[in-house]
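Starting from the known structure of chain H, fit chain C onto it as the hints suggest.
The listed protein sequences derive, respectively, from chains H and C. Residue numbers are given in the working numbering: position 14 of the first sequence equals residue 228, and the series is strictly consecutive. Residue numbers are given in the working numbering: position 198 of the second sequence equals residue 211, and the series is strictly consecutive.
No lab work stands behind these hints, which were simulated from the structure alone. Just so it is clear, the structure is predicted and the values come from calculations on it, not from any experiment. Each hint can be trusted.
Okay, derived cross-link-like pairs now, DMTMM-like style, lysine to aspartate or glutamate, Cα gap no bigger than 20 Å in a straight line:
id, chain 1, residue 1, chain 2, residue 2
1, C, 242, H, 282
2, H, 441, C, 92
3, C, 123, H, 426
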Amino acid sequence: MPRPLWKGTVSFGLVSVPVELWSAIRDQTIRFREVHVTDGSPVKHVKFCAAEGKPVDPSEVGRAYEVEKGKLIPVTDEELEDLAPEKTQTIEIESFVAREEVDPIRFDHPYYMVPGNDSVGTLRAYKLLVEAMTEGDLLAMGTFVMRSREYLAAIRVRGQALALSTMHFPAEIRSPDAVPGPEEEADREAVKDAVAIIEELSTDWDPDSYRDQYRARLKKVIDSKRKGRKVKAPTAREEKPTAAPDLMAALKETLANSKRRRRKPRDLSLLSKEQLYELASERGLKGRSSMTKQQLIKALKK
Amino acid sequence: MAPRSIWNGTLSFGLVRVPIKLFSAIEPKGIGFREVHVKDDSPLQHRRICRADGKEVERDEIAKGYEVADGEFLILDPEEIKAAGGDRGKTIEIEEFVDVAEIDPFLFDKTYYMGVRDHAEPYAVVAEALRQSGKAGVGRFTFHNREYLVAVRAQEGRLALHTLRFADEIVAGEDFELVTKKGKAPTKKEVTMARKLISGLTEEFDPGEYQDQYRAAVMDLIEKKAEGKKAPKKRRKKRKKTDDLSDALEKSLAAQGG
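Chain H with its partners taken away, still in its complex shape:
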C-alpha cells in the first residue's frame, strides 16, 4: 500500500493547511531481484546483530553515529524530533521567489502536497493557496524535517495541485569551477555558427515525445530470453576520432545539414508508433495502416 511520506501542515502567515506529502514518481523501472543462482530462489536481506550473531527484529533496529572507529553513539527518533519539533510538523513558507531565478540544478525529488483531510476548512485553505499562487510563476520556499533530515522545499502550483520539490542545499552543490574548463576564449566566428546551429535545431519542449528506450529494450531482452533466444550485447559504434578535427569545417557542414533537415521530423526512432502513423498520414503514405513501427520509420525516411 502506498503511504504518504510525511504528514503535517503547511503554513503561510497565520493560514495553516494540513497536508500529506506523496512522491510524484510513478516507478516504471524494471525491477530485478537478487536470486541465488544454484536454486533460482530469491534472496532476502536479513539484519544480524554483530554481537549476538542472531537476526534482529525490525522493531529493534536503531540508529547510531560512529564518532570514531568502534565508538557508536546511539540516537533515538525522539531525540532527533526534539531538535526541531516545529520543523518535523510544519513547512513554513518563508518567502516567494520567481521560478526563473532558481537554477534547475537545485531541484531534487518531486512530491505532491495533498490535503491532509477532507474537511471543508482544509479543502478551502488548500484551494486558496493554489489559487493565490497560480498567478505568476512563483516558488514558495520553506524548510522541513522528514526522516531525520532537513529539506529545503520549493512549492508551486502544478495543475490543480501543490507540487513540492525538495532542493539541494547550496553547500551540497559543487562550484562549476571545480572541473577543468577552457582557458582561452572561444573563437567568435565559430560561436556564431554554433549559435546558428542551435537556432536551426531548436524545437518546443515536448516531454511526451521522449520514450524510455532503455525500458523498452530491456523488456525485449526479457521477452526474447523467455522464448529461449540468446541475447547478445550490440557492439558499441566506433567512436569517430576526436583528435584535433577541423572545428570550423564541422560547424559549417552541420549548419548546412541542419538547414536542410529543418522541416523534417527529428530522430524518428524516438517517436511512438502512433506519432509515426500520424506523420505517415500527413504525408499520405500508402499502405501505412498495415506497417510495423520499423516499416513506418523506413517509409518516412524516404
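Relative to chain H, chain C alone:
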C-alpha cells in the same frame, strides 16, 4: 580538492565533437547513521539469505532475476542487461535544442558537470554558444549500461548535464482524490488578500540564505552525547490556531504591514 571524473566520453551534435569528462555536481551532506541493535547498541550486519534453504548466500552466487510469475525468476546475465543499453558507446548525442525554462522542474533528476578533456577549443565554442542562446541540448546518453535522456546547458563557463525523468514517470496531481474534491471555494476577497501577502513575501532568490541548520543541530547532539551529556530538550511551541480563513489572512497582512 579537485573532484574525480566518473566518465570520459564525447558530446556530439551534427559533426561537432566535444571530448569531455563527467563529474558529479552534487555532494550530499547527509549524516551517515549506522543501524544498530537497540538492545546492545552493536552494529547490524546485512546478510543475504536464500529463501529456499535459509542459508547465507555468497555474493558470487547472486544473479539478477526478473520475476516472470509469482516466485518464478528468469535470470539475466550481465551481457543481456548490457544489450538494453544500446550501441551508443561513449557518446552523448544531442538531437535538438529547447528552452530550459520550459522544462518542468519535476523532470530534472541528477546533475553532472562536464570538464574539458584533451582539447578545449570545441568545448569553449559549445559552452559559449549555449550560454548566448540560453538553450539546452536534449539528447541521450548511456551510463553504466543504462540509457538516460539528458539536457546539456551552459553553467558559469562550464557545461552541465541534467539527466531527465520521462513524462510517464510523473504522476498527475489530479490523481489524488482530495486535490480535485469539490468544496467551498475561497472568496475573491480572500484570494486577493492571499496574493497581497505573497507579494509582500516575494524576494530575490538568494541561495546563500539557506543552510541545513538541522544537520548542525544533530551533530551537536551527537557530540554532547559522546561527552556523556544528556540530550537537550526543547519545548514544543503551540501554534495559535484559527479556523477562520479571512481572519487568519487579515491578521497575517496586519503583521506584515507592521
